[in-house]
Amino acid sequence: ETGVTQTPRHLVMGMTNKKSLKCEQHLGHNAMYWYKQSAKKPLELMFVYSLEERVENNSVPSRFSPECPNSSHLFLHLHTLQPEDSALYLCASSQGQVTNYGYTFGSGTRLTVV
Amino acid sequence: GDSVTQMEGPVTLSEEAFLTINCTYTATGYPSLFWYVQYPGEGLQLLLKATKADDKGSNKGFEATYRKETTSFHLEKGSVQVSDSAVYFCALSDNGGYQKVTFGTGTKLQVIP
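As they're listed, the protein sequences go chains E and S.
Heads up: the first sequence at position 27 corresponds to 27 in my numbering, and the numbers run straight through without jumps.
Heads up: the second sequence at position 108 corresponds to 108 in my numbering, and the numbers run straight through without jumps.
Any given hint could be a false lead.
Okay, derived cross-link-like pairs now, SDA-like style, lysine to any residue, Cα gap no bigger than 20 Å in a straight line [claimed, not checked]: (1) Lys108/S x Ser83/S; (2) Lys40/E x Tyr25/S; (3) Lys36/E x Ser83/S; (4) Lys100/S x Gln82/E; (5) Lys100/S x Met13/E; (6) Lys41/E x Tyr39/S; (7) Lys100/S x Tyr101/E; (8) Lys40/E x Pro40/S; (9) Lys100/S x Ser86/E; (10) Lys22/E x Thr24/S; (11) Lys40/E x Thr24/S; (12) Lys108/S x Ser107/E; (13) Lys41/E x Glu8/S; (14) Lys108/S x Ala39/E; (15) Lys41/E x Ser83/S; (16) Lys100/S x Met46/E; (17) Lys40/E x Lys56/S; (18) Lys41/E x Lys56/S; (19) Lys41/E x Thr107/S; (20) Lys40/E x Thr105/S; (21) Lys56/S x Pro40/S; (22) Lys100/S x Val114/E; (23) Lys40/E x Pro10/S; (24) Lys36/E x Val87/S; (25) Lys100/S x Arg9/E; (26) Lys36/E x Tyr39/S; (27) Lys100/S x Glu84/E.
What the hints contain is simulated information worked out from the structure, not anything from laboratory work.
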């Protein structure tokens with residue numbers, strides 16, 4: 001039990017579909033993150049929410065749309081994706097200074113776009 | 001911008017061998033440094049950290065020392081086990097207000113009996 005739960009674990013979607021990834025944390029953390037993990041590349045920070053406010057959007061295409069309705073939940077809405085969007089999407093949370101506690105990651109959603 | 005460079009894998013070792021995974025970084029200011037581990041089918045877990053120069057982070061037999069003069073944070077373990085097989089990520093935090101972390105590409109370690 002990592003304290004950060006991501007659903008679904010696996011998702012296959014067509015390029016015209018709309019789907020959502022869900023992340024939930026029960027740690028009382030005040031910041032949540034979406035990262036994209038592709039083979040042979042560093043983890044790419046996509047979005048950061050601090051106190052439910054988006055504080056970073058790293059030039060992510062508009063076909064990815066985040067939502068943070070409260071401090072415990074984070075969503076990533078997907079529509080008209082491309083095959084190159086296939087990757088492992090990781091959610092993380094943190095509280096206070098990352099320098100002291102680091103991130104807590106979920107197990108990820110393995111996304112395949114066909 | 002900030003960046004982290006790790007040695008490319010995979011690294012294959014026999015059980016009880018000595019492990020070193022190299023990591024160097026580029027950053028402005030004085031970042032904090034981390035090693036994360038990712039076991040198959042799971043997310044990343046914080047393995048150890050160091051927040052200032054000459055600090056040594058340690059956990060589960062793994063160690064890494066924050067070397068400011070060489071901008072390095074190499075991961076070491078004296079005797080690896082099969083259960084240590086995983087992908088290891090070096091990372092830094094720029095101590096920004098929303099706690100941004102920059103990761104390396106990861107190094108896959110395979111330990112054979």
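Inset, instruction - Sort out whether Met13/E lies within 20 Å of Lys100/S, counting only the CA atoms. - result: violated, 30 Å
Inset, instruction - Verify the proposed pairing of Lys100/S with Val114/E, using a straight-line Cα cut of 20 Å. - result: violated, 32 Å
Inset, instruction - For the pair we were handed, Lys36/E and Val87/S, check the Cα-Cα distance against 20 Å. - result: holds, 16 Å
Inset, instruction - Mind checking the alpha carbons of Lys41/E and Glu8/S for me, to see if they're no more than 20 Å apart? - result: holds, 11 Å
Inset, instruction - With a cut-off of 20 Å on the C-alpha distance, tell me whether Lys100/S and Tyr101/E pass. - result: Cα-Cα ~13 Å, so holds.
Inset, instruction - For the pair we were handed, Lys108/S and Ala39/E, check the Cα-Cα distance against 20 Å. - result: Given pair Lys108/S, Ala39/E holds - Cα atoms ~12 Å apart, limit 20 Å.
Inset, instruction - Decide if the proposed pair is consistent with the structure: Lys108/S and Ser107/E, CA atoms, cutoff 20 Å inclusive. - result: Holds, at about 18 Å.
Legend entry - Restraint status (C-alpha distance of Lys40/E to Tyr25/S at most 20 Å): Cα-Cα ~18 Å, so holds.
Inset, instruction - For the pair we were handed, Lys100/S and Met46/E, check the Cα-Cα distance against 20 Å. - result: With Cα atoms ~11 Å apart, Lys100/S and Met46/E stay inside 20 Å; holds.
Legend entry - Agreement of Lys36/E and Ser83/S with the hint, judged by alpha carbon distance not exceeding 20 Å: violated, 26 Å
Inset, instruction - For the pair supplied as a hint, Lys40/E and Pro40/S, confirm whether the alpha-carbon distance does not exceed 20 Å. - result: Given pair Lys40/E, Pro40/S holds - Cα atoms ~16 Å apart, limit 20 Å.
Legend entry - Hint consistency between Lys100/S and Glu84/E [alpha-carbon to alpha-carbon, up to 20 Å]: This hinted pair is violated, its Cα atoms lying about 25 Å apart.
The structure fails to meet hints 3, 4, 5, 9, 10, 15, 17, 18, 21, 22, 25 and 27 from the earlier list, while all remaining hints are met.
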